[in-house]
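**Student:** Listed below, chain by chain, are the residues.
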Amino acid sequence: MQRIRRMMLGNLPLALLPGAAFPAAAAAEAQGTDASAAISHIRRDGMLKVAVPRVRAAPFFTLSDAPSSGVDIAIAEALARSLHVPLQIDRRAGSFNEVIDQVAAGGVHLALCKLSRTLPRAQRVLYTKPYAVLQHALFINRLGFAALSRGKKPEDTVRNFEGDLGILANSSYHDFALRDFPRARIHEYSDWESVFDAVRTGELHAGYSDHHTINRLFAADRSLSLTARMITLNDKVDRIAVAVPHAAFHFAAYIDLFMELNHGAQALPAGELVKTYGIQDA
Amino acid sequence: MGETGSFAAFLRSPATVLLFSLGGGIFGILRPDAATLLRPVGDSYLGLLKLIVLPFMISSIIFSLRAMINDKRSTSHLSRMFVIILGASVATAFLTAAAALILKPGTITSAERRAEIGHVLNDSSASYNTSMTLEETGDRPDETSVLELVLKVIPSNIFGALTDGNTLQVLIFSILFGFALGTVPFDASGSLASGLEAVYQTCMVLTRWFILLLPFGSFSMIAAQTAVMGLKPLMTMIGFLSTLGLITLVMLLMSIQVIARRSGESFLTALLDHGNLFMMAVSTRSSVACIPLIIDILVKKLGFERHAVELLVPLQTVLLRLGSIVLYVLGSIFIAQLYGRELLPSELLMICFYAIMLGLSTAGMAGVIAVAQLSIICSYLGLPFEAAFILFLAVETVADALRTLILVATISAATASIAPAPPIQARLPDG
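If you read the protein sequences in the order shown, they are chains R and Y.
Just so it is clear: in the first sequence, position 68 is 68 by the numbering used here, and no numbers are missing.
Just so it is clear: in the second sequence, position 405 is 405 by the numbering used here, and no numbers are missing.
In short, the hints are calculated from the structure, not lab data.
Each residue gets a CB set at the ideal place from its N, CA and C atoms; glycine is no exception.
Careful, some of the hints might be misleading.
With a Cα cut of at most 27 Å, we get these calculated BS3-like pairs of lysine-lysine [claimed, not checked]:
hint : chain 1 : residue 1 : chain 2 : residue 2
1    : Y       : K50       : Y       : K301
2    : Y       : K232      : Y       : K104
3    : R       : K275      : R       : K129
4    : Y       : K300      : Y       : K50
5    : R       : K152      : Y       : K301
6    : R       : K153      : Y       : K301
Far from chain R, some chain Y residues (derived; all Cβ distances over 12 Å) [what the hints assert, rightly or not]:
hint : residue
7    : A98
8    : I117
9    : L121
10   : S191
11   : L338
12   : L383
Facing chain R, from chain Y, some residues (calculated, C-beta under 7 Å) [to be verified]:
hint : residue
13   : N122
14   : G303
15   : R306
Please model the complete structure; the sequences and the hints are all you need to start from.
**Tutor:** Have a look at this one:
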């Protein structure tokens, strides 16, 4: 099913837009004929087409069709305004890997959707500099994990994890799980909620995701901490970047500058991005 | 003089101490901010009580061992003591397991109650999130082996042990020194024995003075403890605490019954004689601090033979750790029930065995560290400990007070079972 939402410029917040008032002079300047091929392409299309998968990944984006909200949506809106074109969020992709397919095939101008950088993906698309940084974390069923680490230190159990590990299907965590927990039995689920339920009921020993996503579960359900816990892996960091078609070097550089002007040159943790873009993170 | 005497009797009365303790509890709940300010007062009082423990222990053990070394009964005292410690430990472990299996304090199915537990857990930031590196950093802390732990009780420097307040090391030194002194010609050791006797008697006088301050000490300590803890964790852990309370009550009544029968006194008299001891146990939560008072009650009030009591009470304070055994058995079964894990009979036996072994290691250990030892049993059983640890910590003040009550009551009862009983009409008048 095709899920496309057009966003009109008149509805967008202005705070993050360079030349926010969108004056005619600025538009005329930007409409010059010496723009790069990628930006000319966007102008010809008359909109900025951004791919976001049909999954929930708050606070980056929500699952609902309209109005979708989140850090990535706010950035995409501001980016479209900087290019003086309306934004079109394309939610046809069912997974993060399908989003990469869309970018590689040229069906969208970019993917801005909590996208992890992996080498297989980098062979097909071009990544911008990371704009967000997330720490990897395990969401753990306490009883199952204790049975798994019987007589051993929890740290050793994690380092030699041999239990059932849930991940989001067709996501970068498949590669991460294979790399970080080669002895684990990996189970893929279509959405993170299913991984969460499977861990909570004891079907899985643990789920693998990022610290911010798991922390939100504990904030939402206070009783969860009795049955589950989180182990944050300090040395495993997921740097989130925007994917553009592999030849769009100038467009990637443009997005890097845009991000730097908006929230600095450093990739920010999810919590700080939420504050920067004024997103409700509940 | 008469008025001073009656005021002292009023302060020494268990009813007065009970009244002040209750007042402290109410004050802590109603005015937590003001009650917290009383903490230094309570701490100073506990410091006073502990001040005399080490000289008391050294003088009483060395003096008693010297006196008993040529007494054939002393060997039988010690062998009886070990039999009683083993029997009481096993009986306590089984009693606790039976109570936990029948009362099921950890079976909490109500979503509301589980949410309340979650709230208590979430109050602690470390309760659900821990951090680590996936790659080994290579700076793993050196692990202490069981053998090293055991060998640590042997003091290399008695003055160091005294400075550190290491009760176990001082005890080992006193026993060795007492045995050695017993082999020295009686005349040669006479002056040292007289000196030790003077130290002992002085400590007893100090104990009686400090008892006069017990109502105020109890008020301050209990007010500060209640203020910090609040009522919410108590209500959340009501199942665990009421099971622990019931076990404590049963063990306390059984102990008093044993003491009454051995001393020839009525149950009520034996109970009233121990009133202040129980209040001191609740407010100080330190069995070591109660040693002088236990000896005072058994010797002066109930007329048991002094040398045996003086030797047995400090020894059993270290070896008869029934309060800790109750904690480990009840705590393990509570956690298993909390997570809906059925325990096999073999696992229950393993819990009892480990509880007895671990109980021995808790002498002189702070309450919180003693609770943390429960993780050893949980690890063997494959039970999660971290969340339950936060819950236990939330109610540790009350649980520790109950455990100390068990300790002092059973130490008194075990000593009464071994020490030669008083002849009829041997009771000394109070004061």
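**Student:** Hint by hint, note whether the structure agrees.
**Tutor:** Against the structure, the hints:
| no. | hint | result |
| --- | --- | --- |
| 1 | Y/K50 to Y/K301 | holds, 22 Å |
| 2 | Y/K232 to Y/K104 | holds, 21 Å |
| 3 | R/K275 to R/K129 | holds, 21 Å |
| 4 | Y/K300 to Y/K50 | holds, 21 Å |
| 5 | R/K152 to Y/K301 | violated, 51 Å |
| 6 | R/K153 to Y/K301 | violated, 51 Å |
| 7 | A98 | holds, 24 Å |
| 8 | I117 | violated, 5 Å |
| 9 | L121 | violated, 4 Å |
| 10 | S191 | holds, 55 Å |
| 11 | L338 | violated, 7 Å |
| 12 | L383 | violated, 5 Å |
| 13 | N122 | holds, 6 Å |
| 14 | G303 | violated, 51 Å |
| 15 | R306 | violated, 48 Å |
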